[in-house]
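Chemist: What follows is the residue order along each chain.
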Amino acid sequence: MPVAATNRKKEISVTVVRKMRDYSQDPFFRKKAEKVKAFLEKYGLPPQTKKK
Amino acid sequence: MKLERYSLTADLLHESYEFLSEGPKGTIRKVIQYEEVNPGVYNLAFGDWDEKKQRINDKSRTNNEDRDKVLATVAGSVVLFMEEHPDATVIAMGETPAKTRLYQMGLNQNRTEINALYNIVGFRSGAWEPFRDDRNYEAFSLQKK
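Chains as they are written, first to last, in the numbering used here: chain L, 4 to 55; chain Y, 86 to 230.
No lab work stands behind these hints, which were simulated from the structure alone. Accuracy of the hints is not assured; some may be wrong.
Claimed, not checked - Straight-line alpha carbon distances no greater than 35 Å define the calculated DSBU-like cross-link-like pairs of lysine-lysine that follow:
id: 1; chain 1: Y; residue 1: LYS154; chain 2: L; residue 2: LYS34
id: 2; chain 1: Y; residue 1: LYS229; chain 2: L; residue 2: LYS38
id: 3; chain 1: L; residue 1: LYS22; chain 2: Y; residue 2: LYS229
id: 4; chain 1: Y; residue 1: LYS184; chain 2: Y; residue 2: LYS154
id: 5; chain 1: Y; residue 1: LYS137; chain 2: L; residue 2: LYS38
id: 6; chain 1: L; residue 1: LYS40; chain 2: Y; residue 2: LYS138
id: 7; chain 1: L; residue 1: LYS40; chain 2: Y; residue 2: LYS137
id: 8; chain 1: L; residue 1: LYS45; chain 2: Y; residue 2: LYS110
id: 9; chain 1: Y; residue 1: LYS230; chain 2: L; residue 2: LYS34
Stated by the list, open to error - Label pairs and their computed distance ranges (CB to CB):
id: 10; chain 1: Y; residue 1: GLU180; chain 2: L; residue 2: ASP25; range: 17 to 27 Å
id: 11; chain 1: L; residue 1: ARG24; chain 2: Y; residue 2: ARG217; range: 36 to 46 Å
id: 12; chain 1: Y; residue 1: GLN139; chain 2: L; residue 2: GLY47; range: 34 to 44 Å
Cβ coordinates follow ideal geometry from the N, Cα and C atoms, glycine included.
Using the sequences and the accompanying hints, generate a full structural model.
Modeler: Printed below as a string of structure tokens:
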């Protein structure tokens, strides 16, 4: 529920920064993303995603 | 039980997170990345940052004796990510069965809290199914309730 989510969020220490290294282009993450894309193409999206 | 976590640093989009693992092997920067692989569907991946090579070390097994704290921190990033992307679906799939089991351990450790907030399904034997603790999965998916 939203209240639980808000309380939970407050327990997690996070600092938001304007500039962070762009990790999205890291070869490891690119490879992982491509692997998952291929997986989803082969087996389909999880069922709850299809409900939307 | 309240799990100990590392402090996270997030980018403005809440799609990249960093934290510093501390243990016998020293201080290791870990990176969690949420990559959109389908509209509204994000892949969760994390790894160790190699300062010398300036890239994620895809072969690393840190063994910094803080596994539970690392898993709790990754789970915490899911909560933060979902707060910023409430309609997202998050997929978690390790590059090896061992890494996928690690994700499952993280889910199980944080199960009560995760169940209250998210619908979870697991992938095994070629199909998605409602998540069960007693089964080993090849991938997981979470979506906010």
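Chemist: Against each hint, give a clear statement of whether it holds in the structure.
Modeler: To see whether the hints hold, each was checked on the structure:
no., hint, in the structure
1, Y:LYS154 to L:LYS34, "holds, 26 Å"
2, Y:LYS229 to L:LYS38, "holds, 24 Å"
3, L:LYS22 to Y:LYS229, "holds, 28 Å"
4, Y:LYS184 to Y:LYS154, "holds, 16 Å"
5, Y:LYS137 to L:LYS38, "holds, 26 Å"
6, L:LYS40 to Y:LYS138, "holds, 27 Å"
7, L:LYS40 to Y:LYS137, "holds, 30 Å"
8, L:LYS45 to Y:LYS110, "violated, 40 Å"
9, Y:LYS230 to L:LYS34, "holds, 30 Å"
10, Y:GLU180 to L:ASP25: 17 to 27 Å, "holds, 21 Å"
11, L:ARG24 to Y:ARG217: 36 to 46 Å, "holds, 38 Å"
12, Y:GLN139 to L:GLY47: 34 to 44 Å, "holds, 37 Å"
Hint 8 from the earlier list is the only one contradicted by this structure; the remaining hints agree with it.
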